[in-house]
Amino acid sequence: MSLFSKENREAFLSPLWMNNPVTMQVLGICSALAVTVKLEPALVMGLSVTIIVAVANLVVSLLRNTIPNRIRIIVQLVVVAALVTIVSEVLKAFAYDVSVQLSVYVGLIITNCILMGRLEAFAMANGPWSSFLDGLGNGFGYAVILVVVAFVRELFSAGTLLGFKIIPECVYEFGYMNNGLMLMPPMALILLGCIIWFQRAKNPELND
Amino acid sequence: MNALRKMLDKIKPTFNEGGKLSMFRSVFDGFETFLFVPNTTSKSGAHIHDAVDSKRIMIMVVIALMPALLFGMYNVGYQHYLAIGQLAETGFWTVFAYGLLAVLPKIVVSYLVGLGIEFTVAQFKGEEIHEGFLVSGIIIPMIVPVDCPLWMLALATAFAVIFAKEIFGGTGMNIFNVAIVTRMFLFFSYPSKMSGDSVWIAKDGILGLGEGTVVNGFTGATPLGQVAVSPTTQTTLVNAVGEPSTILDAIIGLIPGSIGETSVIAIALGAILLLVTRIASWKIMLSIFGSGALMAWIFNAIGPDTAVAALPWYEHLILGGFAFGAVFMATDPVTSARTEAGKWMYGCLIGALAIIIRVLNPGYPEGMMLAILFGNVFAPLFDYLVVQRNISKRAKRATKAINS
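Going line by line, the protein sequences match chains A and B. FYI, the numbering for the first sequence is 880 to 1087, going by our numbering. FYI, the numbering for the second sequence is -3 to 400, going by our numbering.
Watch out, some of these pointers could steer you wrong.
[Claimed, not checked] Partial list, computed: chain A residues near chain B (C-beta under 10 Å):
hint, residue
1, G1054
2, Y1055
3, G1059
4, L1060
5, M1061
6, P1065
7, M1066
8, I1069
[Claimed, not checked] Among chain A residues calculated to face chain B with C-beta under 8 Å, some are:
hint, residue
9, M1056
10, N1058
11, M1063
These are calculated hints, taken from the structure and not from any lab test. Note that the Cβ used here is the ideal one computed from N, Cα and C, for glycine as well.
Bound conformation, chain A alone (with noise of 0.2 Å):
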């Protein structure tokens, strides 16, 4: 099987807006709601969370056939913890800032439903190579979203994007406000609903 054959791409392409795991899976919601406050967090996790499901499928992927079936799960958990911790470690060597603000998240990616799905659904059945790209466009998939709608939260909320000010001062004399609703999960929950509600209005054919 050659490397960009149609199956690969498949594989990378599908996850980034068509079979997006938050949007169409409606999974990892739980952190797309608590990180997405502001640009640069949101970018860091959905950084993390691509490199870790990446290279986990990866390394499930080259394993699946010494797994034993009865402790698969167990396994999987082992590889993703370790990712996890090494992810989170670089984080607080290198943008302690960021970690501090993503705090109980970074850690909290072993639990992300998106992770054991794809390596269950993928990394156990097909080749280290596939699994890959498949890893990367499922990361890349639900960082996309969480930065739309952190890129939203941000703007409305503060005024900035990744810290800089992107409301002149002029128009807050006119009167305008930042929108104190969009800091609540709750704004994020129905900013999500809105994603899905513009992808599922342009592809009827994804309503069931």
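Given the structure of chain A, go ahead and fit chain B onto it with the hints provided.
What follows is chain B alone, placed relative to chain A:
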């Protein structure tokens, strides 16, 4: 009347299928059924029709809201002139005109945004225009502080109409009261414009009317706001210029507060109309006031040692949005419970919860909005319980009849 009917009949073909303006059929249809009760009847199945259709009900509610709205306008002017110290030398009509000028833009904005979205959605889906916004559009300006900026009101109205109503399927399908969702959006999005001490009284002149500066000793806090921050359990309520305000002021409605919520008398007039025409359920109103009074009395007896817990039960019912919410918002037939026993439970939940929020949550001097939202969530559950109970009761009766 006949001339109007004839004119409508004359222009009707232009809007029918194939006519020049057929794309605006839903708009025409909306206006026609608004002016005249439609004479169409259902063609299949068994239906029970009331002689009064929902457009006529909506108009009745709007009429019931009029006393509170008109008094609210007067009170806006009254509070303003009191704050700038010119009340004594200003005539009644000037005071009212100031209030009218302050409130009218809010009504216009609320209707423009809300009806605009409703018309667009109906047009887009090719459906009839729903009439539900007639009432919401007049309630929304009445439950916000007078200082609430118009763009916020427009944004909140748009949010509520889209997310609380249209995505659920329009009028009659919504889970939450649209006006309450509007207020909820404003309250959580822009707390500094929806609560606190500086938003309840208009301080600037409008179109040259009511120019002046606020007098020394001015305080803009609502009575409930004053009670919430009171250090002792005995609170002397004061009006905008620091003079003591009496319980009579609160009953008449000459206190700071959201535009339409202050006057108990005006709300009572509306309540009488709603009850006589049987549009609102007396069970819901009675149970809200009853459970609210009971809850306040319980807090008086065994509550914490704060001013708001020590507030007498009748003041709890008079101050803030309690009466307005109980009469006009909790009784919304769409979002309240529909079974008779469910209405009692629904009302009791709202009344008790409103007082609990007031007393136990220092962050919220007023709890009516959140209590009604919570009641809306539970209304279907109450209905479900009542229906299930009835089913099991009848099943038991049936098996008994068979066995004997």
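Item checked: Hint check: 10 Å Cβ-Cβ cutoff, P1065(A) to chain B -> With a closest approach of 8 Å, the P1065(A) hint holds.
Notebook entry, point to check: At a threshold of 10 Å, is the proposed contact between M1061(A) and chain B supported by beta-carbon distances?
Noted result: OK, holds: M1061(A) within 10 Å of chain B, min 8 Å.
Notebook entry, point to check: Minimum Cβ distance from M1056(A) to chain B below 8 Å?
Noted result: Holds, about 5 Å.
Notebook entry, point to check: Under the criterion of a CB-CB separation shorter than 8 Å, is M1063(A) in contact with chain B as hinted?
Noted result: Given a least distance of 7 Å, the restraint on M1063(A) holds.
Note to self: Does L1060(A) hold up as a contact with chain B if the rule is Cβ-Cβ below 10 Å?
What the structure shows: holds (4 Å)
Checklist line | Cut-off 10 Å, beta-carbon criterion: hint that Y1055(A) touches chain B | finding: holds (8 Å)
Next item on the list: Verify the interface restraint on M1066(A): the C-beta must sit less than 10 Å from at least one C-beta of chain B.
Entry: holds (9 Å)
Next item on the list: Let me know if the C-beta of G1054(A) comes in closer than 10 Å to any C-beta of chain B, holds or violated.
Entry: Since chain B brings a Cβ to about 5 Å from G1054(A), closer than 10 Å, the hint holds.
Margin query: Hint validation: I1069(A) versus chain B, beta carbon distance must be below 10 Å. Holds or violated?
Written below: holds (6 Å)
Checklist line | Hint check, G1059(A) versus chain B [nearest Cβ-Cβ separation less than 10 Å] | finding: holds (5 Å)
Note to self: Take the shortest C-beta to C-beta distance between N1058(A) and chain B; is it under 8 Å?
What the structure shows: holds (5 Å)
Checked against the numbered hints given earlier, this structure breaks none of them.
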